[in-house]
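A.B. asks: In case you want the letters, here they are:
2 protein chains.
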Amino acid sequence: MNKQQLIDQIKIKRSFLCIGLDVDLEKIPKHLLVLKDPIFEFNKRIIDATHHLTVAYKPNTAFYEAYGIKGWKSLEKTIHYINKNYPEIFTIADAKRGDIGNTSTRYAKAFFDDLNFDSVTVAPYMGSDSVEPFLAFADKFTILLALTSNKGGLDFQILKDENGTTLYEKVLKESQSWKNSERLMYVVGATRPDYFKKIRKIIPNNFILVPGVGAQGGDLMEVCKYGLTDEIGLLINSSRGIIYASDNKDFVEKAKAKAMEMQKEMEQIILSGL
Amino acid sequence: MNKQQLIDQIKIKRSFLCIGLDVDLEKIPKHLLVLKDPIFEFNKRIIDATHHLTVAYKPNTAFYEAYGIKGWKSLEKTIHYINKNYPEIFTIADAKRGDIGNTSTRYAKAFFDDLNFDSVTVAPYMGSDSVEPFLAFADKFTILLALTSNKGGLDFQILKDENGTTLYEKVLKESQSWKNSERLMYVVGATRPDYFKKIRKIIPNNFILVPGVGAQGGDLMEVCKYGLTDEIGLLINSSRGIIYASDNKDFVEKAKAKAMEMQKEMEQIILSGL
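From first to last, the protein sequence lines are chains A and B.
Straight run, no breaks: the first sequence in our numbering ends on number 307.
Straight run, no breaks: the second sequence in our numbering ends on number 307.
No wet-lab data here; the hints were simulated from the structure.
Heads up, a few of these hints could be off.
In this list, chains with the same sequence are indistinguishable; a pair is considered to hold if it fits within one copy or across any two.
Unchecked claim - In silico lysine-lysine, DSBU-like type, Cα no more than 30 angstroms apart, as pairs:
no., residue 1, residue 2
1, Lys193, Lys110
2, Lys106, Lys282
3, Lys142, Lys258
4, Lys77, Lys289
5, Lys142, Lys206
Construct the entire structure; sequences and hints are all you get.
C.D. replies: Listed below in structure tokens is the structure:
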């Protein structure tokens, strides 16, 4: 998928929602556990009920890896299901990878070629040659961690250099000079809305994936205030708030209702131009 | 495995070698490709021939993930094979993971419980609460990226704050105050031997995993000069230099010879006390 196609989908659906598929067997409705592949069956139902309200799905690979080979099969089935039935959806492998050059190429192939994800999240610590192998793939996006939503995100990311530039700002600035940097998106947590103004000065056009709305306490309006661009430029992720809205037989309806609630809020923001 | 057991193995084998099992189907001998699981078969032969010369094996998970579910099966078989036949070996899942708390816990379970690795490499960018879930596991080690061997390692890791402290030094210092920090090891590339003196002042006792000797140009003696401790405290990794010493039918003998060459060098260093 290219950037324009993503923007078109946002306009068509009046939504810049991303639903995080962080599936935990201890949290999904009990009646699904008797099925052969409960994780996939859960995802399938959530996807079928919400695909018209969201522009992206983001499975966090840790939740699948935790179940070993079975988990990887569930992930494979999930991404194939989305690509086959809802090819207009932007898919994100939330894997937070990053390694030296030839190894990053391996990861990029695994997620972009084999699994056919549109994008993958990558950690910046190892620098340019750990990220550029991902950027080499056309019509694919590399979503670089910048300012994360967790408490520990402040341990290193806001350290200042001699000139007062913080690490996450350095990451934003430096990465803009990397080869194929137009294929970069960034992760900035919704728990840091006050940073968006500064961030948009450095990256006025790149899409930002924003976790942390809902369960982690981030506020949608606050994020949009400075984060929105003319092309919207935001993907707001919600995982637990939507997929675990109920742990009962009504989980599909409840998830759909939650997703619709967020979509309606986003529709208003898009229509009002904020 | 606990730290003392690792140290004992180093003394018994007079080796602090770690062999990186970064298996690439394009690089292994052609005659193995007709077998059902060439990756595992390759590893098995390398392991059987070198287990007495090395104290650790380190599969880089990217190489396995690149082959999808088949690759994960090869990884699973490899770690089970080592644990069953050579339980004295220290095993490292070179996965460079790191995510928010509950997600890191998932990764930790996958690598420590399910696959039963002794250790896993973790990226520090997301801070304390992304790493502490790994540290919660007793007799398991978390190997934190500090100063990596690749060119891009210098993009962010040596950025200095107002007080002249570099990012990698901050990572070393900060992480020492995290819960269960005695279960930390660190990655420092062999391509940066001049940094070891400084590093040992911050972490006098933690083990350091050192990639980059050989193919990437790092020098063993240089690293040992400042990196060695009374308990040795180093694991020197070699991947390509050993496992791809030959791509022919003699690959097992050639790999063994290369590993022995490094072990002999290490034996001299241990005996001379450097």
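A.B. asks: List, from low to high, the hint numbers that the structure doesn't satisfy.
C.D. replies: Hints 1, 3 are the ones this structure does not satisfy, whereas the remaining hints hold.
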